[in-house]
Amino acid sequence: MALLQAEDIKAYYSVRKGYVKAVDGLDLVIEKGITVGLAGESGCGKTTLVNTLMMNVKPPLFLVEGTIILDGKVISKMDRSTLKKNVWGVLASIVPQSALNALMPTKRILDFVRDVISHHMDVSDSEVVSMAEKRFEELNLPVEALSLYPHELSGGMKQRAVIAVSTLLNPKLLVVDEPTSALDVSTQKQVLKILMDLKTTGITESMIFVTHDIAVLRQIADWIVIMYAGKIVESGSTENILHDPEHPYTYCLINAVVTPEPEVRKRGLTSIRGEPPNLLDPPKGCRFHPRCPKVMNICRSKEPVLVEIGGSRLVSCHLFPPDA
Amino acid sequence: MPLEVKNLTKVFAVGLFRRKEILAVDGVSFSVKPGEFVSLVGESGSGKTTTAKMILRLLQPTSGSIMFDGRDVWGLRGIDELRWYWKNVHGIFQDPYASYNPLHKIDRILYQAFMLMGHSSTDKDSMVEEVLREVGLRPDDVLGKYPHELSGGQRQRIMVARCYMLRPMLILADEPISMIDASTRASVLQLFSKLREESKTSVIFITHDLGLAYYVSDEIMIMHDGSIVEKGPPDEVIDHPQDPYTKRLREDVPLLYRKWTGF
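Order-wise, the sequence lines are chains A and B. Following the working numbering, the numbering of the first sequence begins with 267 at its first residue and continues without gaps. Following the working numbering, the numbering of the second sequence begins with 336 at its first residue and continues without gaps.
In case anyone wonders, no lab produced these hints; they're calculated from the structure. Wrong hints could be hidden among the right ones.
Straight-line Cα separation of at most 20 Å, EDC-like style, residue types lysine to aspartate or glutamate; simulated pairs [to be verified]:
hint : chain 1 : residue 1 : chain 2 : residue 2
1    : A       : K532      : B       : D570
2    : B       : K594      : A       : D479
3    : B       : K368      : B       : D407
4    : B       : K594      : A       : D510
5    : A       : K532      : B       : D574
6    : B       : K594      : A       : E527
7    : A       : K532      : B       : D553
8    : B       : K459      : A       : D510
9    : B       : K422      : B       : E371
10   : B       : K594      : A       : E410
11   : A       : K459      : B       : D587
12   : B       : K368      : B       : D574
13   : A       : K532      : B       : D509
14   : B       : K480      : A       : E527
15   : B       : K582      : A       : D510
16   : B       : K566      : A       : E527
17   : A       : K459      : B       : E586
18   : B       : K368      : B       : D415
19   : A       : K568      : A       : D479
20   : B       : K594      : A       : D463
21   : B       : K582      : A       : D450
22   : B       : K594      : A       : E403
23   : B       : K594      : A       : E541
24   : B       : K535      : B       : D560
25   : B       : K368      : B       : E378
26   : B       : K459      : B       : D430
27   : A       : K283      : B       : E484
28   : A       : K459      : B       : D509
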C-alpha cells in the first residue's frame, strides 16, 4: 500500500503575466518505508511539488488540478484548519528549506516543542518535557539543547533540533527540503544520520528528501525521482539511476557532480548547456529539448509520456517510445 | 614564483574588557608556481578565508610574509605599486553580490577593470562585449542592468569576465562555484583553465568542496584550525591521506559511487 499517492498534480503560481507552471501534470507514489530523493536544478519545481504534496498551498500558489491521497485520506479536498489539526505534524511533517533560520530567536527549543504538542494534544507541561527529553535521547541529541536559545546552537545542531521537533508526534511521512546544503560535510553527515535514525527507530515510515546534491541521495535514498521544468523525467532505484541513467537530463545531471573519486576524475565534468526554461512559457514538445544533447525532430513538437521500462522504472523521453 | 607565503599568522583579539585572542591562521607557508591550480580546503572556521584576505591585502597579517612576484605585498607603497598589485592579483568571492555596488549598473564594474588596464576609452564598448561573450554571457542580457537583476551564476561570470580583461597573474577564488548550479559549474571551471593556458594565470581555490579540489587542482592543502595539516598532489592527499583530519574529512564527503558503511 502506498503511503502517499498524487495524481495529475498541477500547481501554478498566478502572476501578472499569467501562470508559472511550477508543477505541471505530475503523478507520484511514495511507498511505505521508502526514502525518496527528489533531485533537479534550482527552479525546476522541487520545492513547489513538496509543498503541494503537503497541501501547504497558499496564494499566489494554487492547486489547479489533481488528487493527493495521504494514508488513505484525500487531503487535497481538506481545508486549512482540518489540515492543521489532523495532517500537519501528525500524519506528515515538512522541514522547509533554511528551517534553521526560522527559529524564533527569543524562544528556547523547548518552547517550540510546547507549541507543537499543545496544538495537537492536551497534556501537562511535565509530560511535554519528558516526551521531548525521551525523544532527544532516542536520537542521541544532547538533552541540554532543549533549554537553549537558537543562537546558542551550531547550524548542524539547530537543523537536527528542528528535525527532532517536527517529528515529535511520529508523522508517517517526513519531507525535508535541502536540509544539508548550508552545512559542512561533517555536520551534514550528522544530519543525515539523524534522518536515517528516524527511519530505523520507526519514528517515521517514509521520507521525501529534496536536494540538488545527488551524492547525498546516493547515501540516503532508496528511490530517486528526477524533476525537470515541473515534470518528472525519470524515476528509479538509486542504484539504477546512478549507474545506468536513461534520460539525457539525468545523465547530464550526474556528470555535473564532482566527488573525490577516481571514477569522477576519469569521466570529467560536463555542463548542461543553456539554462532551465521560464515556466511562464515552457518550451513546446519535450521541455528539455533546447538543452538536450540527443535532441531529435519529434522532441520539438511532441511531448513525451512517462513509460515503464522494467523494474518499475519510469522514463519520459522519445528515446523510449511507449509501444516499444 | 608568483606567490610565496611564509609563516603567515593572524591573531584576532575579541572582547571589549576581557581581551581574548583567537589564533585564526597559525604559521601557514606555501608557494604557488605560474599556471598552477592550488586548493586550500577546510571546513568553516579553519582559517582559509582569513588566509585569502591577507593575500588580497584586505586584512593585515599579525606576522609572516607574503611575497608576490618578488615584492612584499604588505610593503607596497604608492598608488602605482598598488595598482600593479590590483591588476595582477584578483579575488572572486563566494557571494558575488557583495562585490557589487547595488546602485551602479554592471557596465561600471567592467569599465573600471578596463581603466585599471590603462586603455583609452574609445574601444571599451567592443572590448567589454567581446569579453562577455568569452565567458558565455550575451552582452544584451547583462549590460545596462543592475546587480540584483542578474542570477547568481551571471554575477559570478561577470567577476570572471573582469579577470579575463585584467589577465591577472593570480586569482584567489573563494568558493567560486558554490553559488552556481551543478549544471553550469563545468563551464566556469573551463574559464579558469582557459586563462591558465592563455596567460599562465595561477588560481588558488578556497573551498570546502573536496570533490572540486580533487578535480581541478595540481596541489591540495588541507587546512584545519589555522594550520595546513597535509599537502600534496590530489592522488596522494585524497586517495592516500596520512593526517587523521584529512582521513575524517575524506570519510564524511558523500560519494557518488560508494555508499557509507556502518551508517
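Here is how each hint holds up against the structure:
1. A:K532 / B:D570: holds (12 Å)
2. B:K594 / A:D479: holds (14 Å)
3. B:K368 / B:D407: Cα-Cα ~17 Å, so holds.
4. B:K594 / A:D510: holds (17 Å)
5. A:K532 / B:D574: holds (14 Å)
6. B:K594 / A:E527: Given that 20 Å is the threshold and the Cα spacing comes to 12 Å, the pair holds.
7. A:K532 / B:D553: Answer holds: K532 (chain A) to D553 (chain B) is near 15 Å, not above 20 Å.
8. B:K459 / A:D510: Status violated; Cα separation ~49 Å.
9. B:K422 / B:E371: Cα-Cα ~19 Å, so holds.
10. B:K594 / A:E410: violated (33 Å)
11. A:K459 / B:D587: With a Cα-Cα distance of about 11 Å, the restraint between K459 (chain A) and D587 (chain B) holds, given a limit of 20 Å.
12. B:K368 / B:D574: Distance ~23 Å between K368 (chain B) and D574 (chain B) Cα, so the pair is violated.
13. A:K532 / B:D509: Roughly 25 Å between the alpha carbons, so the hint for K532 (chain A) and D509 (chain B) is violated.
14. B:K480 / A:E527: violated (41 Å)
15. B:K582 / A:D510: violated (30 Å)
16. B:K566 / A:E527: With a Cα-Cα distance of about 18 Å, the restraint between K566 (chain B) and E527 (chain A) holds, given a limit of 20 Å.
17. A:K459 / B:E586: holds (14 Å)
18. B:K368 / B:D415: Not satisfied, since the Cα-Cα distance of roughly 25 Å exceeds 20 Å.
19. A:K568 / A:D479: At roughly 30 Å apart (the allowed maximum being 20 Å), D479 (chain A) and K568 (chain A) break the hint.
20. B:K594 / A:D463: holds (17 Å)
21. B:K582 / A:D450: With a Cα-Cα distance of about 15 Å, the restraint between K582 (chain B) and D450 (chain A) holds, given a limit of 20 Å.
22. B:K594 / A:E403: violated (27 Å)
23. B:K594 / A:E541: violated (31 Å)
24. B:K535 / B:D560: Given pair K535 (chain B), D560 (chain B) is violated - Cα atoms ~32 Å apart, limit 20 Å.
25. B:K368 / B:E378: Cα-Cα ~25 Å, so violated.
26. B:K459 / B:D430: violated (27 Å)
27. A:K283 / B:E484: holds (18 Å)
28. A:K459 / B:D509: violated (29 Å)
In this structure, the hints that do not hold are numbers 8, 10, 12, 13, 14, 15, 18, 19, 22, 23, 24, 25, 26 and 28, in rising order.
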